[in-house]
Amino acid sequence: MARRIVVVVKHVPNIHSARAFADGRTVRGAEDGSLNELDEHPVEEAVRILEGLDEPERAASEIVVVTVGPAEAVDALRRAFQLGATTAVHVGDDALAGSDYAGTARVLAAAVRKVAADGPVDLVLAGMAALDGLGSVVPALLAAELGMPQLTNAGKLELDGATARVERVVDGATEVLEAPLPAVVSVNDHINRPRFPNFKLIMAARTKPVTTWTLADLGVDATEVGEAGARTRVLSAEPRPERAPVELHVDAGSGGEALAEFLVRRGLV
Amino acid sequence: MTRTISVVLLDDVSGALRGPDLELLTVARTLGTVRAVAFDAPSDAALEALGAYGVADVVRLDVDGEPHLTGVAAAALEPVVDDARVLLARATFANKEVLARLAHLTGAGLVIDAARVREHEGLVAGWKRVFAGSWDVDSVVTTDLALLTVRPNAVRPEPAATAVSPVVRVVALDAAAAEAAAGGVRLVSRTLHEVSGSARPPLAEASVVVAGGRGTFGDFGPVEELADALGAAIGATRDAVDEGWIEHDAQVGQTGVTITPHLYIGAGISGAPHHRGGMQASEVIVAVNSDPECPIFEICDFAVVGDLATVLPQAAAALRARQA
Ligand SMILES: Cc1cc2nc3c(=O)[nH]c(=O)nc-3n(C[C@H](O)[C@H](O)[C@H](O)COP(=O)(O)OP(=O)(O)OC[C@H]3O[C@@H](n4cnc5c(N)ncnc54)[C@H](O)[C@@H]3O)c2cc1C
Ligand SMILES: Cc1cc2nc3c(=O)[nH]c(=O)nc-3n(C[C@H](O)[C@H](O)[C@H](O)COP(=O)(O)OP(=O)(O)OC[C@H]3O[C@@H](n4cnc5c(N)ncnc54)[C@H](O)[C@@H]3O)c2cc1C
Numbered sequence: 001m002a003r004r005i006v007v008v009v010k011h012v013p014n015i016h017s018a019r020a021f022a023d024g025r026t027v028r029g030a031e032d033g034s035l036n037e038l039d040e041h042p043v044e045e046a047v048r049i050l051e052g053l054d055e056p057e058r059a060a061s062e063i064v065v066v067t068v069g070p071a072e073a074v075d076a077l078r079r080a081f082q083l084g085a086t087t088a089v090h091v092g093d094d095a096l097a098g099s100d101y102a103g104t105a106r107v108l109a110a111a112v113r114k115v116a117a118d119g120p121v122d123l124v125l126a127g128m129a130a131l132d133g134l135g136s137v138v139p140a141l142l143a144a145e146l147g148m149p150q151l152t153n154a155g156k157l158e159l160d161g162a163t164a165r166v167e168r169v170v171d172g173a174t175e176v177l178e179a180p181l182p183a184v185v186s187v188n189d190h191i192n193r194p195r196f197p198n199f200k201l202i203m204a205a206r207t208k209p210v211t212t213w214t215l216a217d218l219g220v221d222a223t224e225v226g227e228a229g230a231r232t233r234v235l236s237a238e239p240r241p242e243r244a245p246v247e248l249h250v251d252a253g254s255g256g257e258a259l260a261e262f263l264v265r266r267g268l269v
Numbered sequence: 270m271t272r273t274i275s276v277v278l279l280d281d282v283s284g285a286l287r288g289p290d291l292e293l294l295t296v297a298r299t300l301g302t303v304r305a306v307a308f309d310a311p312s313d314a315a316l317e318a319l320g321a322y323g324v325a326d327v328v329r330l331d332v333d334g335e336p337h338l339t340g341v342a343a344a345a346l347e348p349v350v351d352d353a354r355v356l357l358a359r360a361t362f363a364n365k366e367v368l369a370r371l372a373h374l375t376g377a378g379l380v381i382d383a384a385r386v387r388e389h390e391g392l393v394a395g396w397k398r399v400f401a402g403s404w405d406v407d408s409v410v411t412t413d414l415a416l417l418t419v420r421p422n423a424v425r426p427e428p429a430a431t432a433v434s435p436v437v438r439v440v441a442l443d444a445a446a447a448e449a450a451a452g453g454v455r456l457v458s459r460t461l462h463e464v465s466g467s468a469r470p471p472l473a474e475a476s477v478v479v480a481g482g483r484g485t486f487g488d489f490g491p492v493e494e495l496a497d498a499l500g501a502a503i504g505a506t507r508d509a510v511d512e513g514w515i516e517h518d519a520q521v522g523q524t525g526v527t528i529t530p531h532l533y534i535g536a537g538i539s540g541a542p543h544h545r546g547g548m549q550a551s552e553v554i555v556a557v558n559s560d561p562e563c564p565i566f567e568i569c570d571f572a573v574v575g576d577l578a579t580v581l582p583q584a585a586a587a588l589r590a591r592q593a
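Sequences listed follow chains A and B, in order.
Here this note's numbering is used: position 225 in the first sequence is 225, and no number is missing along the way.
Here this note's numbering is used: position 75 in the second sequence is 344, and no number is missing along the way.
Calculated from the structure, these hints are not laboratory results.
Values in this document were obtained by computation on a predicted structure and should not be read as measured data.
Treat the hints with care, since some could be wrong.
Pair ranges (Cβ atoms, derived) [to be verified]:
(1) A:F196 x B:T460: 33 to 43 Å
(2) B:T299 x A:P239: 25 to 35 Å
(3) A:T212 x B:E562: 41 to 51 Å
A virtual CB, placed ideally from N, CA and C, is assigned to each residue, including glycine.
If we strip away everything but chain B, and leave its shape as in the complex, we get (with noise of 0.2 Å):
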């Protein structure tokens, strides 16, 4: 029998579903009847938006064990799978081991990573730029079931033609079968860290990304102004992290976030080979360097040859003028 449901699991239903998840209900909508999983109760919010994206059948994951521990969150979205066609997630670190890990159990094959998700011939077919973004490569999952990840910004998230009323249920995994499901594995703390500039979105989901690097010699003054004028996220690399001008968090490259924006503009920053891998995928990038010869221009759609400090702040004056 073919399998027709499509499973989301959702990251964060305390409040509003924010973009990335109701992306990932837009995705799913085009694979099958859409069914939404979260570790937490869903808000009166998050229900509404789900109604609104046609999702009819809401699943809570009720667990008496670490649902922060991969093995315990792979165990308990087991049984969720079991008739599924695809599930889809975010492309969370913790998503990708819970996802790796929910392969094994099922047999199911696994797509990190995918930019664009969509059918091929019957089986689910994942799409990403990989090697820094100068190769495409499209790939189907050909076991019944298809595990994905899939990254930010792959759609315009959608509502469905009409609304339905979510009903939830709950699924539960005991505290012996969490226990066994951890493996030995004990989560001794975990501290959330404060989000600083809150007013700003998340970097790895923001669809508009202003990144400063060295040539800011430490002064990001004009990296906020141009990201506050383009309602952007801050990013960085990895040697204004180094020099502690700026949060590990904004670090941006192959081993820092990598991020998908519509629009990418790096202030001072050269562009190594590992800071592209994280940002090179971006679909619009521009660059503001006072160097004429510098690698990133090679991957540029727009280039100021210039001094930061004066470009960017004219460059978020000349947007706001354009917004009053």
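For reference, chain A alone in the conformation it holds in the complex (with noise of 0.2 Å):
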């Protein structure tokens, strides 16, 4: 059968790159923003689960990943259709800034009602975290907010038919969960490995269509989000305090000894 898949993915700034808050929000510029690594898996998974259909049926079907976040976020989408996303929805809106766990959720949920009002949507992915906010919790309160099934931190997802099954190793077990679909599945960076996008799929992302909707498309209260809808306030952001210079050993036999000497020195032992 064909099968309509939301994958939601997040803009992020580079992890490599010198991370920083100003007026406490994350900086997401465009030059060292990109794709949360994360949400690459959930996006080669979808165009697995289109590549193990049949002919018509994959031509009926559909990856839409949606992104909320500032404008900058498009690039996030555009690496997406890379990765073989079909149609991308950006949601942004000034209201938006300063949006916690809750609000977030919120509207990403009141997006993919939006896509499954032109026809059903089969399933939603995610990935297992952001590299920025690192909750690990949108998907679960996505979930919630769809009253959809939730199963989270897949490393290994099978759809049969209507049924989703998953296994997944959290701390310390290994569980396998099954749930009828439409369901919420995050899955983690185990599942699949990405594939380097061909060089047809980079050219055809540049000038693919990018759908923008604000929150009043998605009949969303502006007080239900952003700083205004927020259920946490920052108090402060500041770079960690300057670490003490290293103290630096270069072993000529005794490196083990100093090593020691440190950590009773420290109060360590």
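From these two lone chains plus the hints, build me the complex, please.
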């Protein structure tokens, strides 16, 4: 059967750049921003699900990537196009600035519902964590908002007709979970290895249209999101105090003793 | 009316309470009258510890369903927080999601992975170290109820000035409610991993961690030797895990376990951002590496340029000699 899959992806500061806050918010400039690396995996997983379909069904299938963020977040969608997404939605609105977990999930849920208004959505895929906020809670909140089953942190995903089955390793246990579709599934970085985009997709990604929705388009009240709707408020965000310069010991036969002496001196043993 | 109850979700009450749970009880006491909650019946040892930490009110959640399902656990907890100001839980993956669902049910604000918790102008504040340990963010929860997951080693556990006698009451979630809360999810199977070398503390909550990387070339012997001398847990890089040198549960990093010990010692580890994301918030960082230019030295307090195969055993011997 044809599948319609929504993948929610976040635009985050590149982990190799000097990440920073300004006015209590993450700096997400276009130069050093990127698609959250862990969100390449749900996009790849969606591509694989479509590849498993017969041609006419595949042609009737769709991978819709959705991001909530500032204007620069469109870069993350372009990257998702390179990885095989077919349609992209950017939810942008000045009122979104300062959204917390609850606000983010509420807006994503409204966007998924709007996508579903054009035709049923079988599956909502997400990454296991965004590498800036590192909350790992948006998928669970999104499932709650949508009233869909949650299958999170999947290291394996199988779709069998109208059922999804995942295997996951969490907190020292291996679990197998099952739920009827549509469901929200978040996947970890062991589930697959995202492919390097081919030339054709890279070229096409530049010009593919991105749909933009505002809060008004989604019917979400501006007071429910952003700073206005947030249930948490940032008091301060400061660079970590400088560490004392490293004590460097070059081993010439007594490196281990020097290490032990350091631990004793610092009261660590 | 201001709420004064501070709820602690205990992870394992089958034996004596472990360090991280005692830390939570210690923090919770600074925020109000403590209520302890567990999904199992507390053992005598657990009750004794609760008494010593001043907890009179103990709730056992009796769930007629699968409490390992996030939705079910959250529904079971809902009535226990309706008069509470704050709920604290250990920063495990399962707890993060349970608290997220509970936040959804109650409208509460949520802070994930707080390294410190305190009161700020009548509100509960959570402080965390983010962006691979390079920034410190402090935020307050502005709703009546605050839900926080708290990292291990946030405070030193401290019993109350006076002990009390805990009274256990049962709060139940019936089969129909549990079924509805599962939301269609079914747990097909759940297998706990064998804990190898169980004499060592669990990685996620250890106050000392010795980690090995590619520089071990597959021989974790020196890493284990130093870990044993320090009573430390063992960690590893993803590369060491991918090579099959050590089990996956040992992976430290942004997609492995995040650790915040008092002391982290990394041996034969270059210090890639993916690894640093999981350990850089450690209080004291020590590294042993043969390459004086390796990136991990930039974030160290103490570094030894040398071969880990000789440096670690020598350090272990020196520490053992001191203890003898
Ligand atoms: C350092 C830092 C600390 C924060 N602490 C808190 C806090 O304590 N409490 C709080 O309420 N908020 C907090 N926030 C805000 C919160 O991170 C944002 O609301 C964020 O958009 C969602 O959380 P996350 O980044 O942790 O995502 P995660 O829950 O880690 O993301 C998991 C997955 O959800 C999807 N996803 C997440 N965000 C988006 C998005 N914007 N668009 C599309 N898909 C998305 C992606 O698939 C991602 O892989 C914090 C933000 C930062 C940068
Ligand atoms: C999506 C993604 C997620 C990832 N997640 C993680 C994660 O969660 N955790 C993680 O750790 N990695 C993760 N990685 C991998 C990460 O990017 C690095 O590749 C990895 O951390 C490097 O491991 P290493 O330090 O052991 O190896 P290397 O980078 O090869 O470093 C080995 C070090 O050992 C030193 N050395 C060699 N011989 C000796 C000796 N005899 N004595 C002392 N030192 C010696 C060398 O000088 C070198 O610095 C991830 C990668 C990706 C793409």
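The hint says 33 to 43 Å between A:F196 and B:T460; measuring C-beta to C-beta, is that right? Given a distance of about 35 Å, which is inside 33 to 43 Å, the answer is holds.
Range first: 41 to 51 Å. Now tell me if the beta carbons of A:T212 and B:E562 are that far apart. holds, 46 Å
Assuming the hint says 25 to 35 Å, is it satisfied by the Cβ distance from B:T299 to A:P239 or not? The hinted range 25 to 35 Å holds for B:T299 and A:P239, with Cβ atoms some 27 Å apart.
Checked against the numbered hints given earlier, the structure satisfies every one of them.
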